[in-house]
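Line by line, the protein sequences are chains C and F.
Take the first sequence: its letter number 39 is residue 39 in full-length UniProt numbering, and every next letter is one higher.
Take the second sequence: its letter number 80 is residue 80 in full-length UniProt numbering, and every next letter is one higher.
If you are wondering where the hints come from, they were derived from the structure by calculation, not from laboratory data.
Just so it is clear, the structure is predicted and the values come from calculations on it, not from any experiment.
Built from N, CA and C at the ideal position, the CB exists for glycine as well.
Mixed in with the good hints, there may be bad ones.
Stated by the list, open to error - With beta-carbon atoms standing in for the labels, derived distance ranges:
#1 A210(C) x G107(F): 26 to 36 Å
#2 V82(C) x S10(F): 41 to 51 Å
#3 A210(C) x T109(F): 40 to 50 Å
#4 A86(C) x E75(F): 44 to 54 Å
#5 S56(C) x E5(F): 45 to 55 Å
#6 L50(F) x G26(C): 44 to 54 Å
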Amino acid sequence: MSAVLPHQQVLVPLDQLAPLVLPALGDTLIMVGITMAIVVVVGVPLGALVHNLGPSGLFPHRTAHTTLSWIVSVGRSLPFLVLMAAIIPFTRLITGTNIGIPAAIVPMSIAGIAFFTRIVENSLRGVPPEYARVALASGASPVQVIRTAQLSEAIPSLVGGLTINTIAMIEYSAIAGTIGAGGIGYVAVTYGYQRFDHVVMITTIVVLIATVALIQWAGDAAVRRLTPTARRAGRAGRAVPRQPVDVAV
Amino acid sequence: MILIEGLSKSYGTKNVLDRLDLSVDAGEIRAIVGPSGAGKSTLAQCVTLLERPTSGSVFVNGVDLTALGAAHLREARRRIGTIFQRDGLFARRTAAANVALPLEYLGVTRPEIRTRVGELLERVGLGDRAGAFPHELSGGQRQRVGIARALALRPSVLLSDEATSGLDPDSTASILALLRELRDDLGLSILFITHEMDAVVEVADSVAALHDGRIAESGTVVELLRDPSSPLGSLLRPTRPYLSPRAGDEAWQVSYRSGAVEPDWLLRLGTRLGEPISLLGAAVETVGGEPVGRAVIGIPAPAVEDLRAALDELGLDGAPASAVLRDAIVLEKVA
Ligand SMILES: Nc1ncnc2c1ncn2[C@@H]1O[C@H](COP(=O)(O)OP(=O)(O)O)[C@@H](O)[C@H]1O
Ligand SMILES: [Mg+2]
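Work out the full structure: start from the sequences and follow the hints.
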């Protein structure tokens with residue numbers, strides 16, 4: 001640990017590593033957790049709305065669908081750093097500050113909502129459209145159709161998308177860290193990058209990889225649990241053969 | 001009961017249904033047949049107003065559905081049970097949870113739902129499969145769950161669009177038997193849409209052929225089968241290839257005009273004509289308890305003169321087989 005490097009500053013002693021990295025990880029998880037809660041609460045209805053305004057939806061409306069779709073696309077296509085910088089006035093309006101965790105959560109939520117809206121829309125497109133007809137014919141209201149014949153049937157796919165989205169938000173939190181939001185990304189950049197502290201750098205990398213792997217594993221396990229075909233097949237040891245495909249008109 | 005008046009439906013410039021009139025009486029099973037693309041599914045969807053008709057009216061139990069607003073329409077739909085072509089079961093719900101759907105939508109309490117769902121699954125013979133997911137059931141069982149769901153709100157009208165298409169013969173037979181049983185027990189009016197003629201003869205009281213968006217021909221199944229000039233009758237029971245007549249014989253197609261035909265008519269005919277009659281092909285059966293039959297017989301040329309009168313006495317209609325076949329080929333394009 002005595003490498004002589006230009007611009008060398010005081011390295012973090014090994015026994016200080018955990019007190020430095022763990023609270024930072026906590027900050028990251030808080031940022032991502034709050035963001036994802038907002039993302040789900042807004043993204044699910046928004047995605048369902050966009051889907052149902054579309055040509056195969058419950059209340060197709062071309063103009064509304066195009067407009068909403070376009071707005072979501074803009075949110076999706078801006079690099080996060082640009083988005084974060086661009087909405088600083090808005091962030092300040094909402095949180096009263098432009099640094100720290102609250103200030104990071106605003107741009108992260110906006111980027112996350114745009115991301116998740118697309119995921120929801122895509123998941124709903126994967127649900128057989130006849131489910132909606134079944135529900136309507138059974139006397140369902142539009143809200144009941146969306147809840148039971150669309151969202152509920154798309155849950156495994158939604159949870160899979162949620163996993164991807166959460167992992168993307170960890171990446172965004174690292175970028176947000178550079179504007180002083182704290183978190184593990186901030187530690188990596190300030191200690192690992194600016195001070196050339198390789199031990200901190202490697203530690204943050206390991207912690208990040210472990211966190212992402214854990215989220216992915218939990219997400220995959222949840223998807224398996226939520227898919228009746230996968231779950232039952234696993235328990236019975238073999239998949240129940242499906243009936244021959246319908247040949248009718 | 002269902003009454004459809006002047007129903008038209010077009011997609012863009014394509015007129016799928018064209019001022020169609022149709023009725024299904026209380027306790028009647030009425031089949032709709034027609035080739036693929038004839039508009040059968042469109043008709044089914046117009047009856048529940050899942051597709052809004054371009055014009056015309058749909059009365060179910062005397063209420064014009066086309067005149068209802070969204071909330072009243074939802075209520076009216078609860079009086080119509082729909083059985084879907086590919087069973088339409090939700091993959092993530094068990095059989096019981098699928099049957100419970102209409103009850104959940106209505107806001108029925110959980111204990112009540114449990115009781116009713118139990119009854120319904122019992123009714124369709126699946127009392128022991130309540131916890132099974134759709135992929136764990138056979139095609140016939142899935143369709144039974146679909147029927148149980150359609151019955152959940154005690155509808156007076158059942159709509160079935162290709163409910164047995166794609167099922168194996170045994171499952172088809174058991175589903176058709178179940179539909180008849182339900183009609184008998186619950187007095188349901190059933191609109192039974194299919195492209196399978198055997199299913200029509202098996203289950204329906206009456207049948208209508210959909211062609212060019214209109215009803216081309218319609219009548220009771222028995223009447224149509226007894227009418228040798230009916231294209232729809234010929235479609236329901238097409239003439240199978242028959243044996244060649246002996247040299248000097250003519251082939252005639254005969255059909256039962258009523259249920260009063262004696263089973264030994266062939267023997268009687270031979271005796272009456274004083275000539276040996278040969279049997280070249282035949283299908284005799286009961287349809288809805290009524291005897292129905294068609295046969296191709298070989299008649300020695302000298303006896304042909306007396307044939308019509310003799311057939312008439314026996315309660316049979318007859319025509320030279322070649323002529324019947326030729327007509328059937330022409331008419332098949334129509335129906
Ligand atoms: N939503 C739709 N948009 C445009 N055309 C449609 C639509 N639904 C059905 N059609 C057309 O209407 C005709 C009848 O279809 P359908 O009712 O499904 O026939 P069937 O059930 O008798 O096979 C077909 O030519 C089909 O292409
Ligand atoms: Mg069809």
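Tested hints:
1. For the pair A210(C) and G107(F), the beta carbons lie near 47 Å from each other, so the given range of 26 to 36 Å is not met.
2. Checked against the hint of 41 to 51 Å, the C-beta distance between V82(C) and S10(F) comes to roughly 49 Å, which is consistent with it.
3. For A210(C) and T109(F), the Cβ-Cβ distance of about 47 Å falls inside the hinted range of 40 to 50 Å, so the restraint holds.
4. Distance hint check: the CB atoms of A86(C) and E75(F) are about 50 Å apart, consistent with the given range 44 to 54 Å.
5. Range check, S56(C) to E5(F): Cβ separation about 31 Å, and the 45 to 55 Å hint is violated.
6. Between L50(F) and G26(C) the Cβ separation comes to about 52 Å, which falls inside the hinted range of 44 to 54 Å.
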